[in-house]
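Student: Quick note on numbering: full-length UniProt numbering labels position 146 of the sequence shown as 146, and the sequence is numbered without any gaps.
Treat the hints with care, since some could be wrong.
Stated by the list, open to error - The calculated lysine-lysine pairs, modelled on BS3-like cross-linking and capped at a C-alpha distance of 25 Å, are:
no. : residue 1 : residue 2
1   : K183      : K136
2   : K114      : K146
3   : K183      : K146
4   : K11       : K39
5   : K39       : K115
6   : K146      : K58
7   : K136      : K146
8   : K114      : K58
9   : K183      : K39
10  : K136      : K89
11  : K58       : K183
12  : K11       : K58
13  : K89       : K58
14  : K58       : K39
What the hints assert, rightly or not - For each label pair, taking beta carbons as the anchor points, the in silico distance ranges come out as:
no. : residue 1 : residue 2 : range
15  : H15       : D130      : 35 to 45 Å
16  : E172      : N127      : 23 to 33 Å
17  : R77       : D130      : 10 to 20 Å
18  : K89       : E46       : 27 to 37 Å
19  : E46       : K136      : 14 to 24 Å
20  : G141      : S92       : 15 to 25 Å
21  : G176      : I153      : 41 to 51 Å
22  : Q155      : G176      : 42 to 52 Å
23  : G116      : I66       : 22 to 32 Å
To be clear, the hints were calculated from the coordinates, so they are not data collected in a lab.
Think of the CB as a built atom: it goes at the ideal place given N, C-alpha and C, for glycine as much as any other residue.
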Amino acid sequence: METRTSPLNLKRSFHLLGYDGFQYAENNGFAGGIIVSWKEQLIEVEVLVNHFQFLHLKVTLQSRRIFFFSSVYASPREEGRHELWRELKNISRGMVGEWLLVGDFNDIAHPSEKKGGIPAQQRRCNNFVDRINDCKLIDCGATGPKFTWRGPIFQNDDRIFERLDRALSNDEWRLGFPNAVVKVLPRINFSDHHPLLIALYGFDQVQRTRYFKFESAWLLEESYMKMLEAGWDGLEGYYSRKNYK
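Could you put together the complete structure from these sequences and hints?
Tutor: This is the structure:
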């Protein structure tokens, strides 16, 4: 049975893990919301926009370097995604600096990013690409499994796989972090999404600084705390994201 975990309980859980910075975006019916957590002694985070489909943050590293970060969980409905991209476009128009966006955009950029089920509509893919371009963003790519989400099994044993989760950035961020790598990690067996791990300085140059982000839609039972302790312990110098349903 899927249960909705309250932000207050999650905040307590992250505090036990040493992450004292915490922010969440309230759900709007279709989703469980977005959670972002960090260690305040390592980075400074200022929440600039709290929208039910994204959190837009100003991040200051220990080196005093600043960039902007948006954690995204897009609506499964077109009207909701239209609103999301309208808001992101408004941000892009006034953006001065490095900007990284990570999350579940609930869209694919090419029919090849879908496997199984009804073939993807090229028109919808083009619309997604146009929205990315309108915000002057680029796809950061990824290593690891091609598809980041899997759907339920149909009666004919068919199953849909899609690349719904990705990292986007503006040119300034990509040039500012030329060694950054996005990696699709193995899927946790009670989630239908793969987590994305972003190493700002590359996997061969892991620094002592820890950065942590956690995105939550639906959390399953009590097992999420054990998963957090086992899955995130020891990761250093990374931005990471996870989407639970």
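Student: Are the hints correct? Go through all of them and say.
Tutor: Outcome of the hint check:
no.: 1; hint: K183 with K136; verdict: 23 Å, holds
no.: 2; hint: K114 with K146; verdict: 9 Å, holds
no.: 3; hint: K183 with K146; verdict: 10 Å, holds
no.: 4; hint: K11 with K39; verdict: 12 Å, holds
no.: 5; hint: K39 with K115; verdict: 38 Å, violated
no.: 6; hint: K146 with K58; verdict: 30 Å, violated
no.: 7; hint: K136 with K146; verdict: 24 Å, holds
no.: 8; hint: K114 with K58; verdict: 33 Å, violated
no.: 9; hint: K183 with K39; verdict: 22 Å, holds
no.: 10; hint: K136 with K89; verdict: 9 Å, holds
no.: 11; hint: K58 with K183; verdict: 23 Å, holds
no.: 12; hint: K11 with K58; verdict: 20 Å, holds
no.: 13; hint: K89 with K58; verdict: 17 Å, holds
no.: 14; hint: K58 with K39; verdict: 14 Å, holds
no.: 15; hint: H15 with D130: 35 to 45 Å; verdict: 42 Å, holds
no.: 16; hint: E172 with N127: 23 to 33 Å; verdict: 25 Å, holds
no.: 17; hint: R77 with D130: 10 to 20 Å; verdict: 18 Å, holds
no.: 18; hint: K89 with E46: 27 to 37 Å; verdict: 21 Å, violated
no.: 19; hint: E46 with K136: 14 to 24 Å; verdict: 23 Å, holds
no.: 20; hint: G141 with S92: 15 to 25 Å; verdict: 20 Å, holds
no.: 21; hint: G176 with I153: 41 to 51 Å; verdict: 43 Å, holds
no.: 22; hint: Q155 with G176: 42 to 52 Å; verdict: 49 Å, holds
no.: 23; hint: G116 with I66: 22 to 32 Å; verdict: 42 Å, violated
Going down the numbered hints, you'll see the structure goes against 5, 6, 8, 18 and 23, while the others check out.
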